[in-house]
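Trainee: Chain by chain, the residues run as shown.
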Amino acid sequence: MSSEQPVVLNVWASWCIPCRSEAPLLRAAYESFGDEVTFIGLDVRDDQESARAFLNEFDLDGFEHFFDPSGAVQGSLGRGGVPLTMFYAPGGELVERHFGVIDERALALNIDEILRRGP
Amino acid sequence: MEFTLLWAALSGAAGLYGALWWMGRRDTSLCVRDLWEIAITAAVVGLAVGRVVAMVRGGVNPLAHPGDLILVRAGVDTAAASVAALIAAGWLTRSDRFEQLDGLTPAAVLGVAGWHAGCLFRDACLGTPSSLPWAWSQPGSSITRHPVELYAAVLLAIGAWALFRLRLRYPAPALVSGLGLALAGLVRLITEPLRPSLFAGPVWWYGAAIAIGAALAGWSLYRTGSSDTQQSPPPLQ
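For the protein sequence lines, the chains are A and B, in the order given.
Just remember that my numbering sits 811 ahead of the position in the first sequence, which is counted from 1.
Just remember that my numbering sits 657 ahead of the position in the second sequence, which is counted from 1.
Check each hint, because a few of them may be wrong.
[Stated by the list, open to error] Covered stretches of chain A (chain B as the covering partner; in silico rule of three or more C-beta atoms under 8 Å from a C-beta of chain B): (1) 867-878; (2) 901-914; (3) 917-928.
Hints listed in this document are in silico derivations from the structure and should not be mistaken for laboratory results.
Glycine included, each C-beta is placed from N, C-alpha and C at the ideal position.
For reference, chain A alone in the conformation it holds in the complex (with noise of 0.2 Å):
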C-alpha cells in the first residue's frame, strides 16, 4: 500500500460483534483526523446489504470501503480474523497491525504515530 497520506485500515464485518463495538471509535476517529489522514474500510465474507446497513447505522459512510466477499484480500493481509486495523505511515510504511477489538487509546496514539512518521 502506497499513498502521500498514512492510511488506517479496518477489516470488518456487518456480523462481527466486536467490529460492531469498535465502530463508534472509528467514526470519532474519522471526525477527528479524516483531513490528515485516509481511512479505508474493507469488508469481508460479507454480503452487501448487511454491509449497507451496517455502514448507514455507524455513519462510515464517509470512509472508503472495499468489498471482500471471499476474504481473498483479508488472506493476503497476514491473519484470517476481524476486527483487524492497519496503521500505514505516508509512503506505505506498515506501523502496526493491531488484532482484535482496538481502545481510543490505541487507535489515538497509532494515528498520532503515523501522522509524525514521514514517507
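Since chain A is already given, all that's left is putting chain B on it; use the hints.
Mentor: For chain B alone, coordinates are given in the frame of chain A:
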C-alpha cells in the same frame, strides 16, 4: 482473544487488596473483607454503567446487542462509570458511610494506581511525544513518548500513602474521602494533556471531582472544628 485488559484489571485489584491488607494490619478498626466487597461491587457497577453509557453514546442499543456489554475494550464512559461507582459505594456504606469510605479511600486510590500501572501488561503506557530521558518509544519507532500512565500510577500511589497516614493522624469523618476524590480528579486533570485522545477529554468532570472532593474535605474540617469547640471541657475555676 486478548487478555491484556484483564491483566490490567487484576493489577488494579491486586493494588486494592494489597493496600487493604496492609492497612488492616496497621489499623485493626478496619474490616478488610467488608471494604474489599464494597470496592469490588462498586467497581463492577461502575464498569457496567460506564459500558452501557459508552454504547448508547456510540449509537449501539444495549437492549438489541446485550453481548456488546462485555466488550469493554471498545469503550467505557469514564465519567458515568465514576459516578455510578461512587453512588454504589455510598449506598453500600449507608449504615456507617464516612467511617467506611474513609477506610476504603486510600486502598481504592492505590487500586486505581494499580490499574494505571497495568498499562505495562497492555503495552499501553505511552502518551504524547517527549524528549525527556525517561521517555520511551513504541517498538520500531524512533518517536519517544511520555509514559503517562506510569506518571498517573506514581502520583496516585504517593497520594494513597499520604491519605492513609492522614486518616491515622487526623480521623475527621469524610476528610480522607473528599481528599481522595479530589486527588483522583487532579491526577487525571494534570496527566490528561499527555494522553493521545480522539476526543477533547472530559476535563470538566475532573474539575468537578476536585471541587466536590475539596468541598467535602472542607465541610469535614468545618464540622470537626465546630464539634471540637462544642465538646471542649469547661475552663477551670
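Trainee: Hints first: check each against the structure and report whether it holds.
Mentor: Evaluation of the provided hints:
1. 867-878: Per the Cβ count (3), the hint holds.
2. 901-914: Check passed, 7 qualifying residues.
3. 917-928: holds (count 9)
The structure agrees with every numbered hint stated previously.
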